[in-house]
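Student: With the hints as a guide, bring the two chains together.
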Amino acid sequence: GESVGLHLPTLSVQEGDNSIINCAYSNSASDYFIWYKQESGKGPQFIIDIRSNMDKRQGQRVTVLLNKTVKHLSLQIAATQPGDSAVYFCAENMGGGSYIPTFGRGTSLIVHP
Amino acid sequence: EAGVAQSPRYKIIEKRQSVAFWCNPISGHATLYWYQQILGQGPKLLIQFQNNGVVDDSQLPKDRFSAERLKGVDSTLKIQPAKLEDSAVYLCASRTGGGSYGYTFGSGTRLTVV
Numbered sequence: 001g002e003s004v005g006l007h008l009p010t011l012s013v014q015e016g017d018n019s020i021i022n023c024a025y026s027n028s029a030s031d032y033f034i035w036y037k038q039e040s041g042k043g044p045q046f047i048i049d050i051r052s053n054m055d056k057r058q059g060q061r062v063t064v065l066l067n068k069t070v071k072h073l074s075l076q077i078a079a080t081q082p083g084d085s086a087v088y089f090c091a092e093n094m095g096g097g098s099y100i101p102t103f104g105r106g107t108s109l110i111v112h113p
Numbered sequence: 001e002a003g004v005a006q007s008p009r010y011k012i013i014e015k016r017q018s019v020a021f022w023c024n025p026i027s028g029h030a031t032l033y034w035y036q037q038i039l040g041q042g043p044k045l046l047i048q049f050q051n052n053g054v055v056d057d058s059q060l061p062k063d064r065f066s067a068e069r070l071k072g073v074d075s076t077l078k079i080q081p082a083k084l085e086d087s088a089v090y091l092c093a094s095r096t097g098g099g100s101y102g103y104t105f106g107s108g109t110r111l112t113v114v
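Just so you know, the protein sequences line up as chains A and B, in that order. At position 3 of the first sequence the residue is numbered 3 (the numbering used here), and the sequence of numbers has no breaks. At position 106 of the second sequence the residue is numbered 106 (the numbering used here), and the sequence of numbers has no breaks.
Isolated chain B, as found in the complex (with noise of 0.2 Å):
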């Protein structure tokens, strides 16, 4: 079984720049999070998806961030404009949905922002 899919790996940009990540779940998994995770902690919720609509929101920026899952599988997930502190890597999770709790995660999307 293919695995969670992101990419780019590595993005630089300078503040006040926009950017954008892209995951493609594993096949079939309804459920997709995007997670940040800051160097030196745990990843942290950003968005959880359930198909192509949004199960919780509530921890993103949304001044900043925004993401979307149109057609229920790939996500993207945009910052515009970026800031200093959102320089961290950007985790892409699925879950095949029911009753499972099998998370798989992205190997991730590592962001500078100078």
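Okay, chain A solo, but in the shape it has when bound (with noise of 0.2 Å):
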């Protein structure tokens, strides 16, 4: 299910489940977009990222789709495991030669054995 509200949005899985995380970006000039998987006490840690000339790009066991006239990012994670359990952030980078990375909220991603 999922919260919102003063705490982060919270996507509760089984193991095994894909699992899909969304993210809404701000700026239509945004060029980059990146997802950051935060796990308790350590720095954002990079899993992928896309550039604003595709709409779909794979990783392991990750996928990032951009659908750039909503503005919306999503992370879908297949055959998600415990250890996929952290806060996954989406950043996004404007264009014209930026490279600040402006992070959105955050989803805690709970992986129930």
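Just so you know, these hints were derived from the structure itself, not from any lab. Every value quoted in this text rests on a predicted model; they were computed, and no experiment measured them. There may be inaccurate statements among the hints.
[Stated by the list, open to error] To give a feel for the contact side, a few chain A residues facing chain B, derived at Cβ under 7 Å:
#1 9
#2 103
#3 105
#4 106
#5 110
#6 113
[As the list claims (entries may be wrong)] Examples of chain B residues lying across from chain A (beta carbon under 10 Å, computed):
#7 9
#8 40
#9 42
#10 44
#11 45
#12 65
#13 80
#14 89
#15 101
Glycine included, each C-beta is placed from N, C-alpha and C at the ideal position.
Tutor: As structure tokens, this is what we get:
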């Protein structure tokens, strides 16, 4: 399920299920997007990225989809494992030579064994 | 390749005290960032350096926060005096420069102001 408000949105899944985490970005001029995984006590860790001239990119067990029309990103994790439990952030990078990742709010993924 | 090193890992101070955080980026990375991450939120940029020059400090509360990167390598972020709302994790990140988007984050310093 999900909860919003002062707490992070939360997605709870069973081990082995596929997970989909969504993100709305704010700037139509953004040309590069990154998904990060952040475990407790650690900094954000790169998962996968996508440039604005693409609408889909696949990695190992992860896929990122980009819909520029509605300014929406999604991260799909296949066969979710307990080790995938973390907070996931999308970040957008505005174009024009700006190299500053701007983070969204984050989603907490909880994987139940 | 060694990652981005930050110290200390944790710091507890009383309000109105001062505190400093240190960051050593990945060797050769020209660009260095400091982010503030309040519990339950995404990281927010405080300042960006390119070598030893400031590129963007528009979101740095300059009345109490300062940062420097004197030799274009290590960086320090200082808060003086600290307020309760400064309690957060302070993350340092670095990037190689040029047209690369390869950002690498450190593990951060968790600051608690009491």
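Student: Each of the hints needs a verdict: does it hold here or not?
Tutor: A quick look at each hint next to the structure:
| no. | hint | verdict |
| --- | --- | --- |
| 1 | 9 | violated (10 Å) |
| 2 | 103 | holds (3 Å) |
| 3 | 105 | holds (6 Å) |
| 4 | 106 | holds (5 Å) |
| 5 | 110 | violated (15 Å) |
| 6 | 113 | violated (25 Å) |
| 7 | 9 | holds (8 Å) |
| 8 | 40 | holds (6 Å) |
| 9 | 42 | holds (3 Å) |
| 10 | 44 | holds (7 Å) |
| 11 | 45 | holds (6 Å) |
| 12 | 65 | violated (17 Å) |
| 13 | 80 | violated (24 Å) |
| 14 | 89 | holds (8 Å) |
| 15 | 101 | holds (6 Å) |
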